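All chains should be built: construct the whole structure from the sequences, respecting the hints.
Each chain, letter by letter, is given below.
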Amino acid sequence: MGAIIRVVDPSGTPVEGAAVTVVSGTAGYPEMTLLSEADGIVRMSLPAGTYRVAAICGDRHVEADVAASGETRIVLA
Amino acid sequence: MQLNTVSNFAAPPIAPDPARVVIEGSSGPAGPATASSPVADAARLAGVRSAMHMLRNPNLSVIGGGVAGLEAGGAGIETVILDDGRVRVTQTTLLPWRMICALRITGTNGVRAVGTGWLVGPRTLLTAGHCVHHPDLGGWATRIEVSAGRNGEEFPYDTLAATRFSALQEWTTGHAPELDFGCIHLDAPLGDRTGWFSLQPVPDAKLKDRTVAIAGYPADRGHGTELYRHAQKVLRVDPQRLYYDVDTFGGQSGSPAWLDAAVTAPVVVGIHAYGVAGTPAGYGIVANSATRLIPPVLAEITRWRAASDVQ
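Sequence order for the protein chains is C and Y. Each residue of the first sequence is one higher than the last, beginning at 14 in the working numbering. Each residue of the second sequence is one higher than the last, beginning at 728 in the working numbering.
Think of the hints as simulated: they come from the structure by calculation, not from any bench. Be aware that one or more of the hints could be misleading.
Stated by the list, open to error - These stretches of chain C come out as covered by chain Y in the derived footprint (C-beta under 8 Å, 3 or more residues):
hint	region
1	44-54
2	65-76
As the list claims (entries may be wrong) - Cβ-to-Cβ under 7 Å is the rule here; a few derived chain C residues that face chain Y:
hint	residue
3	V35
4	S58
5	V88
As the structure is a computational prediction, the values presented were derived from the model and not from experiment. Think of the CB as a built atom: it goes at the ideal place given N, C-alpha and C, for glycine as much as any other residue.
Okay, here's the thing in structure tokens:
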């Protein structure tokens, strides 16, 4: 089980180096802040549940609900 | 409480000493016996006084001059609780700020992350356990770049690359939040240039209702390159964790939490590691939290520091 977060810009181009962190969700997951890779992807081993995740790059800051498994696309606009 | 250290290198066999639970801090270079000038000493003392003045005045919107203020934080942004009270620190060559380091972390799986660490000895940093070992890093970090006093693109103490880390086996195998702390061992004595924090156990009664300050490098401000601080009251004290409504954000994992008191050198009481998601729902508080530095934890930290100092 693992969450895949794909960070893209409004044109759909992957964003590398976006900081992705869990904002709220199941108690116990630390304040990990991972940087998206060249394909825009961040992988998080989240316990079962739904989470709110923030993606930040420059002055762009977007939050989205993310499931503990499966892929979620976050568009940094 | 028996704790077991693990490291990603062949650490020297140093037995923990339960009696060694106090680490005396250092203000940094140029003690009285060296070639420090009266001007340098006066400036350093003024810096300490200035820093302590700022610590006692959390309503200051700007610390150390520079561009004023923060744009208002929106509701619901991670662990910034209600209005964003964080203020930027720009004079990062002053105490205690220069003892706090921005971290750039690379995991075994190549994943990159950001965090915060702080000096507890010439060659020893403390941070959150999940900054040195976490499943999302593929296990151990392989490399952490340490930038003390980083201020945007200013690196007043350069950047050191660390490859040796320690944590508790209880963290690496069980990921217990109350044991979420780890160590970065440096090859060079960075702490001799910056100074390091004092550590000592503080009983529950002396933490309750106290003001705690946290400073670190959040990802939502300068992408983890700018130092921000905030101070608020302690809301709850558990045997191994401390809860507070100090505003923090991702990237501040590993930040020192110290008592905001009228002392000549701040005493760290916890290592910030969790946002509001890390506070049990049944507590009825909206709070971030730190791993407390209780005696068994401090004994491990003194052992880690000794391991750093063995060349």
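Outcome of the hint check:
no.	hint	result
1	44-54	holds (count 6)
2	65-76	holds (count 7)
3	V35	holds (6 Å)
4	S58	holds (5 Å)
5	V88	violated (18 Å)
In summary, the one numbered hint that this structure violates is 5.
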